Structures are given as structure tokens and as C-alpha cells.
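Engineer: If you want the building blocks of each chain, they are given just below.
Protein chains: 2
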Amino acid sequence: MLRRAAQLCMVCLGVLVAGRTFAQEPPKWFLAIHGGAGRLPRDLAPAEVAAIQDALQRALEAGAQVLAAGGSSLDAVQRAVSVMESSGVLNAGRGAVLNHGGFAELDAALMDGSNRKAGAVAAVRHVANPIDLARQVMDHSKHVLLVGEGAEQFAREQGVKLVPGAYFVTDRRRRELQRAIDGEKKAKPVAASQSVYPHGTVGAVALDSQGNLAAATSTGGLTNKHVGRVGDSPIVGAGTYAENGVCAVSATGVGEVFIRYTAAADVCARARYRNESVGAAADEVIRELKAAGGEGGMIALDASGNLAIPYSSETMLRGQVSSLQPPEVVVEIRK
Amino acid sequence: MLRRAAQLCMVCLGVLVAGRTFAQEPPKWFLAIHGGAGRLPRDLAPAEVAAIQDALQRALEAGAQVLAAGGSSLDAVQRAVSVMESSGVLNAGRGAVLNHGGFAELDAALMDGSNRKAGAVAAVRHVANPIDLARQVMDHSKHVLLVGEGAEQFAREQGVKLVPGAYFVTDRRRRELQRAIDGEKKAKPVAASQSVYPHGTVGAVALDSQGNLAAATSTGGLTNKHVGRVGDSPIVGAGTYAENGVCAVSATGVGEVFIRYTAAADVCARARYRNESVGAAADEVIRELKAAGGEGGMIALDASGNLAIPYSSETMLRGQVSSLQPPEVVVEIRK
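First to last, the sequence lines map onto chains A and B.
According to the working numbering, the first sequence holds residues 4 to 338 in order.
According to the working numbering, the second sequence holds residues 4 to 338 in order.
Next comes chain A alone, as it looks inside the complex:
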């Protein structure tokens, strides 16, 4: 109930703050971000919480700067995600979770709602900011999705400096992997909702002053995943989707279920074909995913700047900023 109220509150915040009973002017531009859905570890030190809050705040500010200057939603979501990737405290870029082989493999995608162009990379091991490489795939290749070795070859062709695998590894992620592997050996696998703090994935959706929607998502995936495993984040229509006039979605959760249910595309299809509000559609899709074993959440933005943040996990790291509203970050820890 509390969570539900918090969500509704989130959506209505602009109106409540303004203290009016009639509909408020839509924002000229809007940006929302997430830092994953799941459960924050109980042992998270106050300094770590502050570092997460700081990363989200800086991501919002970086994206807002683009949008306030009349920049595109595509540039804004890329910028916001890139900041989160570099923070070292979220499951993307530096600080990503480790796979069964003990190293990070990263996935990212972005999509421009104005022309439905998209770029994505998956299973890259030496790219500090996968979202920036995804943008280069969109802008400088004939392709949408490049994976593994071939994606890194493309990075070199584009002049991207590759980084050693050790760049991504943090002590926290090493400990989490060890716990997951120990749990496996005891035939007591750690539940997905406990194995990582938020399911990991960072993402952003934005509406710019030209009315263009965009979405971006980046992740290290699941702790202890098989080498080569790709989740929903880099899959257009699963973890990432944007279409002008309809919606922009970035999802986070048990990626396998989000892929099978084409989560992001389904939200937009309900809005497009059934005239559902993006909020109602996103709520319903998150419910369906949960029933199918796919805990998680999403940020879903409509063409008027209405945001929904449904999630079925304990919490979701999130934030938003608009032409009408200063940056606001939410990091809840349940004790």
C-alpha cells in the first residue's frame, strides 16, 4: 500500500506541489532515471547510500542540462546513463555485477522515438561506457545490435579506448559473486531478489522540447550469470523502447521474463492499440511479468510527460526532473 501510494504520489507530484485542483501545464521537457529494482542490501553503509544518491543526482543534472539547453531526448538519456555507468555504485559500467567467470559482461541500448532508430551492444568486456558505444552503433554502423568480440572490434574502429576487465570489478561485486557461487554449491540458490542489490540495470527516459521521446538502458546483468548471457536491456522491445506519440520505456528486472513477454513493447502496444494510458499499461505489464516469475520494474513516459514507475520488487532506485520541477531522487532502504 505504501509503495503504491508512493508511486501514485510520484506521478502526481507536480500537481500536488503546485497545490491546484485543475490539470497543470505539461512540462516542456522531462527526464526520469532508474538505478535498478530489487532489494538494497541491509548492510549498505550510509556512505554507500550517499554515493548512490549522488550518482542518481548527477545523472539527472547531466541529462537536465542537455534538455534545458534545447538538446534532444536521445542525447539526454545517453548522458544520464553514461554518468550512472561511470559511478561505480550501480549495476552498469564500472561496478557492474560479475558473471560466473568472475568478470563483467555489459549490455546497453538506446532508442530514438522520433525515427525508431536504435543502437545496442551486448556481452562487451572492455568498454567503459557501453551506452556510448550503443550510440555509435546507431550513428556509425548499418546495424542495430553488435555483440561480444565483434562489438569490441567496432569500438576499436571507432577509436574507443578499451579498458582492462579489472576496471569494472569492485569488492562488493566480488563478494556477491562468491556468495552466489557458494549458495549454488549448497544447492540453495540465492533468490534472484536477494542475490543482487537492485536487479541491476540503469536507465533513462526523456521527452524533449521538440516532443521527441527517447529511452536508454545499460546493465551488467545478473550476478553469476553464464558467460555470454544477454538480458532484456539491449533488446529493443524488451528492456528498451521509444516511439514518439506513444511512450518511452526503460525496464529492469529478471531479464529472461522481460524478453519472453516483450515487456517494453507491450506497454507501448497497449497504449497504441487499446488507448490505455501508459501508466495503466505499465502497471498491468509489471503485474503480468511478476505472475510469470519476472520481478522488476520500469520507468514509462508518455508523450505528454506523464511518468509511471511501477515495480514489483521491494524497491526501485529512481529520480526525475523536468522543466517544472527540480531533480528529485528516491533511494529507499527497508530495514
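None of the hints are false.
Given that identical chains are not distinguished, each listed pair holds provided it fits within a single copy or across any two copies.
Below, a list of computed lysine-lysine pairs in the BS3-like style, where the Cα atoms sit at most 27 Å apart: (1) Lys-293 - Lys-145; (2) Lys-164 - Lys-120; (3) Lys-189 - Lys-145; (4) Lys-293 - Lys-120; (5) Lys-188 - Lys-145; (6) Lys-145 - Lys-164; (7) Lys-31 - Lys-120; (8) Lys-145 - Lys-120.
FYI, nobody ran anything at the bench for these hints, they're computed from the structure.
Note that the coordinates shown come from a computational prediction; the quantities given were computed from them, not determined experimentally.
Dock chain B against chain A, hints included.
Structural biologist: Relative to chain A, chain B alone:
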């Protein structure tokens, strides 16, 4: 007009053959396959045409055998695609097109409409039958999509014997790659519709006697693609999708556009949310894809065994068989 008539004819064949004016009993089971959409090379020797016809015929027979014995649609589509992969004359498995590096990288996926489970692999270089590995991902891993090296590591864990890259290479594909690279050098890129014979991709959709739908797709992708490029085939909702009571789709075409437009999922969303017939929905989606630069086609089957085979390219290799109808293969060459 001719093509359009052929398509309609395809859909209505059962009724026409039966020569009745009232609706015919739906088939107990149904299987359709495709061997790609595009343009068959004008220089294709009669023996090569016969080899393609033979491959499609054998794929239909293998799938039909499963279905006639009461087997599942999932087993049937896997079997049919596996036969096409091994044929050496279609763009999947042995005989796949070659990437810019001069070697084959293969993608495949299948989906079980009864539970929306899916398995997929992408960018594998040493797996003779990627569709069988996709099935193993579905059955024996926690994941949906494995790519590159990690997918091959999984294959070894499953006891799959890897094959050398040379296994996939045929003289025809080597010549096609050389032509594509030469065209690139002359800054006169070969048009997508000419660079390969059918865009390549093989696929199957089926309805079994228990009413379960399934879909499978496998491909070598595009001639001269960047190393690591993944197309729509292994992406749930893009090239492959199945959902009981709604539809099963396997697509083939310019994969990048099919990904951006979530082609297969969109057909099913239109059927699910707008009550469009799968045939009308598939027609409309293929039109939209074409307008966006995405030439290609798809086979789309509804829950009653009604098949649509819309395509925007010159031709599409295809075949069908059901409990009411013997195998029928269509290989058209325009002179």
C-alpha cells in the same frame, strides 16, 4: 498483383482444393516453413533449385512426422529448421552467408507458445545446428539468450561437438562476399535485395494437435555484415514469437528494421489488442516495415491454423503441410 493473388491463394488453398463454399474444418495440426525472402540469383542452376526444393520438402516431412505422431509444435519447428540448417543450400547453418571477416556467425531462436518460454543463441561460429543449441538454452539453462564465446562454452558443457568454421563455408557464399566487398570498395554498395539470395533466414511455425503454437528461426544474417552483428532472428518479438491463442511468427528480411519495429510481436499485439486477424495484421506490419526500408516477409499462423505469408521482396521460399494437406513447396525464380 500476381504475388498478392499467390498469397491469398496460399491462405485459401485448403478451401479451394476441397471445392466447397462453406468453411472447412480446421486442421488438427499445421506446419509452415520459409527459406528466406529476397531475390533468387538469375544464375541459379536447375540442380541448385532442385536442392532448395528438396531441402524444404525434407524439412516439411521431418516436422510433419513429429506432428502426425502427436508430437509438440515446438519439437516440429525445431526439427524442420534443423533439417534446413543442415541442407547447405539455405542461409542458416551449413551454407550460411559470410560476414566481413570471411566467416559465418549464426543466430537462432525458438519459442513455445504454450508457456512463452524461449531459447536463443547469437553470433556462434562453431555450432552446426544453432536451433538445437537454442533449444538446449531453453531447456537446460536459466537464460533465454546466450551469445558468442559464452554460447559456445555452454554448447561444450552440454556435450555439443563444435565444428570448425570451414564447415559452414560454401563456394557460392564466398563469391557473394567477394562481390559485396568489391561493391563497397567501388562505393557502390550492392542493394540489400540483390546482395544475398533470399535475405536469408529459415524458419518454421506450427500448431500441434494439442492446440499449442510454436515458432523457430535460424540464420547466417547478412552477407558482409560486421563481425558480431545480430539480426532479428534470435530476438524474441522481432524475428521469432509464439503465444498460444494468438499467433506464431517467423520473419525474414532486413533484420535491423524488424528489430526496431518489433515485427513479430507487433503482429501478435494487433491480433491480441485489436482483434485483427493474424493475416491482416501480418500484411500491415510487412507494409510498414517496407516503408521504413525493411524489405522482407514472414510466416504467421493463428490458433486455428490459418496461415499468412506476406512479403515485400521479389519472392519468398516457402512450404506448408497439415493434417488435411500434403507437403507443398514454393520456389519461384523471376527471370
